[in-house]
Amino acid sequence: MSIEGTRRVMETTSHETANQYLRFGWSLINHYVVEATPDTPAMVKYVLASVRRLEDTHEVLTLGDPDEVNAHLQLGWKLIEKYVAGSRHPDRRDEVLHFVLAWQREETPLRPGDVPPAPESADAAVEIDDELW
1 MSIEGTRRVM
11 ETTSHETANQ
21 YLRFGWSLIN
31 HYVVEATPDT
41 PAMVKYVLAS
51 VRRLEDTHEV
61 LTLGDPDEVN
71 AHLQLGWKLI
81 EKYVAGSRHP
91 DRRDEVLHFV
101 LAWQREETPL
111 RPGDVPPAPE
121 SADAAVEIDD
131 ELW
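Mapping to our numbering: the sequence shown position 49 is 49, numbers consecutive.
Derived from the structure by calculation, the hints contain no laboratory data.
Built from N, CA and C at the ideal position, the CB exists for glycine as well.
Just to be clear, a hint being listed does not mean it is correct.
[What the hints assert, rightly or not] Label pairs and their in silico Cβ distance ranges:
{"#": "1", "residue 1": "E106", "residue 2": "P38", "range": "38 to 48 Å"}
{"#": "2", "residue 1": "P90", "residue 2": "M10", "range": "52 to 62 Å"}
{"#": "3", "residue 1": "V51", "residue 2": "S87", "range": "33 to 43 Å"}
{"#": "4", "residue 1": "R7", "residue 2": "E81", "range": "14 to 24 Å"}
{"#": "5", "residue 1": "A85", "residue 2": "T108", "range": "25 to 35 Å"}
{"#": "6", "residue 1": "L28", "residue 2": "T57", "range": "17 to 27 Å"}
{"#": "7", "residue 1": "V96", "residue 2": "T12", "range": "41 to 51 Å"}
{"#": "8", "residue 1": "P66", "residue 2": "T13", "range": "41 to 51 Å"}
Make the full structure from the sequences, and use the hints.
Encoded structure:
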């Protein structure tokens, strides 16, 4: 299960486990009753999430170019705010839209033009030398 803004999501039927995760900063995002069946009694399922918070921000950028903003968003940056800055002169209308982006991942922040690291695959190709067979 994946929910925007979360690192991990988990379900448990154990209230002790749920309480332990809550003490370590996880959030209870839902709970529901699973009806009894002939084989199992009714139980409550707790859904917990480790949510990214503003405290997890490693770097903040303010950009004005929408194309540059979109390039950053595709690399994993999060849009956390946008605002309009007016002109310093009250007689002139010169409004500029600004976007505030945050890097909230553990990796080094990526920038447009950087080559993102290739994801490591568990199914990496292995060359086999036919001469050994």
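To see whether the hints hold, each was checked on the structure:
1. In this structure the hint that E106 and P38 lie 38 to 48 Å apart at CB holds, the actual value being about 46 Å.
2. A hinted range of 52 to 62 Å for the beta carbons of P90 and M10 is consistent with their spacing of about 54 Å.
3. Between V51 and S87 the CB atoms are about 38 Å apart, so this pair conforms to the stated range of 33 to 43 Å.
4. Between R7 and E81 the CB atoms are about 21 Å apart, so this pair conforms to the stated range of 14 to 24 Å.
5. Distance hint for A85 and T108: a CB-CB separation of about 30 Å, consistent with the stated range 25 to 35 Å.
6. Between L28 and T57, the C-beta spacing of about 23 Å keeps the proposed range 17 to 27 Å intact.
7. A hinted range of 41 to 51 Å holds for the C-beta pair V96 and T12, which are about 48 Å apart.
8. Between P66 and T13 the beta carbon distance is about 46 Å. The supplied range of 41 to 51 Å therefore holds.
Of the numbered hints stated above, none is contradicted by the structure.
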